[in-house]
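Novice: Read off the chains here:
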Amino acid sequence: MPELSPGGMTPARFVRVLGPCVLFFVAVMVVAPLIGPTEISWERVWSGVEPDREILTVVRLPRILFGALAGGSLAVAGVLFQAILRNALATPFTLGISSGSSFGAVVAIWLGLDIIVLGVPVISVTAFLGALLTISLVFLIARSRNTLPTFTLLLAGVTLNFIFSALILFIHFTAADFTESFLMIRWMMGGISSVSYSLIFKTAPLIVLSVGVLMWFAAELNPLAAGEEWANTRGVDVERLKKTGYIVGSLLTGLITAVAGPIGFVGLIVPHSLRIIAGPDHRILIPGSFFVGAGFLVLCDTAARTLFAPTEVPVGIITALLGGPFFIFLLKRRKGDLF
Amino acid sequence: MSYRIEHLGFGYTDQPVISDVSLGIGAGEFVTIVGPNGVGKSTLLKLMAGLMPRFDGSIHFQDQAIGDYSPPDLAKRIAFVPQETHVVFPFTSEEMIRMGRLPYRSSFLFDSADDDDCVRRALDLTGTRDLAEKVFTQMSGGEKQRVVLASALAQTPDVLLLDEPTVYLDMKHQLHFYEILTRLNRQENMTIVAVTHDINLAARHSGRMVALFEGGVVADGPPDQVLTPEKLYEVFGIRADIIDRPGGGKYVIPNA
Chain E
1 MPELSPGGMT
11 PARFVRVLGP
21 CVLFFVAVMV
31 VAPLIGPTEI
41 SWERVWSGVE
51 PDREILTVVR
61 LPRILFGALA
71 GGSLAVAGVL
81 FQAILRNALA
91 TPFTLGISSG
101 SSFGAVVAIW
111 LGLDIIVLGV
121 PVISVTAFLG
131 ALLTISLVFL
141 IARSRNTLPT
151 FTLLLAGVTL
161 NFIFSALILF
171 IHFTAADFTE
181 SFLMIRWMMG
191 GISSVSYSLI
201 FKTAPLIVLS
211 VGVLMWFAAE
221 LNPLAAGEEW
231 ANTRGVDVER
241 LKKTGYIVGS
251 LLTGLITAVA
261 GPIGFVGLIV
271 PHSLRIIAGP
281 DHRILIPGSF
291 FVGAGFLVLC
301 DTAARTLFAP
311 TEVPVGIITA
321 LLGGPFFIFL
331 LKRRKGDLF
Chain D
1 MSYRIEHLGF
11 GYTDQPVISD
21 VSLGIGAGEF
31 VTIVGPNGVG
41 KSTLLKLMAG
51 LMPRFDGSIH
61 FQDQAIGDYS
71 PPDLAKRIAF
81 VPQETHVVFP
91 FTSEEMIRMG
101 RLPYRSSFLF
111 DSADDDDCVR
121 RALDLTGTRD
131 LAEKVFTQMS
141 GGEKQRVVLA
151 SALAQTPDVL
161 LLDEPTVYLD
171 MKHQLHFYEI
181 LTRLNRQENM
191 TIVAVTHDIN
201 LAARHSGRMV
211 ALFEGGVVAD
221 GPPDQVLTPE
231 KLYEVFGIRA
241 DIIDRPGGGK
251 YVIPNA
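Protein sequences, first through last, are from chains E and D. Using the working numbering, the first residue of the first sequence is number 1, and each one after it goes up by one. Using the working numbering, the first residue of the second sequence is number 1, and each one after it goes up by one.
These are calculated hints, taken from the structure and not from any lab test. Positions of the beta carbon are idealized from the N, C-alpha and C atoms, including for glycine. Watch out, some of these pointers could steer you wrong.
Claimed, not checked - Where chain D lies over chain E, by a calculated footprint (3+ residues, C-beta under 8 Å):
#1 84-90
#2 117-124
#3 136-148
#4 214-225
#5 247-258
What the hints assert, rightly or not - Pairs of lysine to aspartate or glutamate residues, derived as EDC-like cross-links and limited to a Cα-Cα distance of at most 20 Å, are as follows:
#6 E:K202 - E:E180
#7 D:K76 - E:E50
#8 D:K76 - E:E43
#9 D:K76 - E:E228
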């Protein structure tokens, strides 16, 4: 009897497919800290030689760690929203979270709250509140008789996106002075700059927990991505899965965006690249996207902080300029239609 | 007894689609449900699949109210084949078929050897082994529908519910599909309930035909007895000649 190919998900296959993703991530994490205006080496860091140790632990490592968390979270959120909305164009920001948190940030800048309290920037707090407001509003608007219809969810999200964008423009146009205006625009371009360890320790457990929850549901996301009735008739509690997915994905996105602003493209091209290379099974896609997204964003951020040094480029520009051509290459190289 | 349906009523709005349906279906039967558009055939099937939690009357499946089953327990016993399956993402046929194993999974991450066996068996029963590696979205309608049937069979169900499964298939694939169903019914003793508009295909393959009209059952019995000119006029509003099919059974020729 001929063997089934690619066959079911076995530990061997899981390691074989996920292994390269982890390797890519580890390679980036080893190399990225060494790149920068001052040359340092791991050897000198291990031996505690200054300034190598201090440059690594104080300047570069927190930024790289948060970049990894951000890239991983956004890529996973992208996978999730594409599955829940069954839409290949969905991103973590499709349902309005970027505008919602940008609105929160813009209000704080407008009120002159560009300060840090208890190790957390106030702008991040208001941005997170803005994201929470959007998430709740979209949920309440879309919910109908204890279900969450996909189309209503999409329309509610896109509409709120427009409303918050208009409010941002309104504040911008009427209230902001030149300095505030620049701060607002810079925030909305997204970027990973000065992130404290305390912020990393506050967000990391939530992110790990969220990805863990999603791994638990990964096998159920496959039939959901194929269709709600398809999932329902295969024993999936579709409404519960959609709600859980929406909330977990939104919180991941909101958490990252509050700290780093909206960083586009990671949530779109990392999931699709992995689908092309490794297939659409979510048991691979979720952990794979986390590692590849993490490595990819750290890579982009390294370029963002060094390419035009001492000037820093917003990382969102690099993700699109570096990721875009690579994705087009993948698209052209594969046989047949993607969708 | 597979199903015991009593005084079933259901409407998507205040207007009922199904007003009063009572129906018993025994294990191992091959039942086709016929009737004009909008009469509630597909709705009845979805209610029987447990896809709609709220309805009037009662549906008992294997002597237990259908609402008392957990979703996975129901999916182990009842499989559903829709008219058409649209998928956005590039799942292979095998991946689509494996999703039928979801209610049985013992690990949140890995498939078992038992899953492999059931997938192989589903491939063989539907003649889809050659399609296993193909991407589902890139296949023809006939191939897709056999893969969807294979995914349903991977659930190793007692009952197969099919909603106009051959409506988009050409004649050859229609015949082939019904031949597979007949084989499943006879050799695997699988209970089959299919909604269809193809009365002749239904008459040839099913042992029992149920005609729905105005929200209720108007005829129920062997196809030979249900297919009379009077009944066809009552249910479909058409005049038809009924002729004997060479080799047994009836054949309906609509006239006006």
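Novice: Hint by hint, say whether it matches the structure.
Specialist: Cross-check of the supplied hints:
With 3 residues bearing a CB less than 8 Å from a CB of chain D, the stretch 84-90 of chain E meets the requirement of three and the coverage assertion stands. Remark: the stretch 117-124 of chain E is not confirmed as covered by chain D, as 0 of its residues place a Cβ nearer than 8 Å to a Cβ of that chain, below the required three. As drawn, the stretch 136-148 of chain E meets chain D at 0 residues by the rule of a beta-carbon pair under 8 Å; below three, the given contact is violated. A stretch counts as covered by a chain when three or more of its residues have a beta carbon under 8 Å from one of that chain; for the stretch 214-225 of chain E and chain D the count is 8, and the coverage holds.
Proximity of the stretch 247-258 of chain E to chain D, defined as three or more residues with a beta carbon under 8 Å from a beta carbon of that chain, is not established by the 0 residues found. In summary, the hint linking E:K202 to E:E180 is not supported, as the alpha carbons are separated by about 28 Å, beyond the 20 Å threshold. Pair hint D:K76 plus E:E50 does not hold up; C-alpha atoms about 64 Å apart against a cutoff of 20 Å. For the hint linking D:K76 to E:E43, the alpha-carbon distance of about 58 Å lies beyond 20 Å, and the restraint is violated.
Between D:K76 and E:E228 the alpha-carbon distance is near 18 Å, which keeps this suggested pair within the 20 Å criterion.
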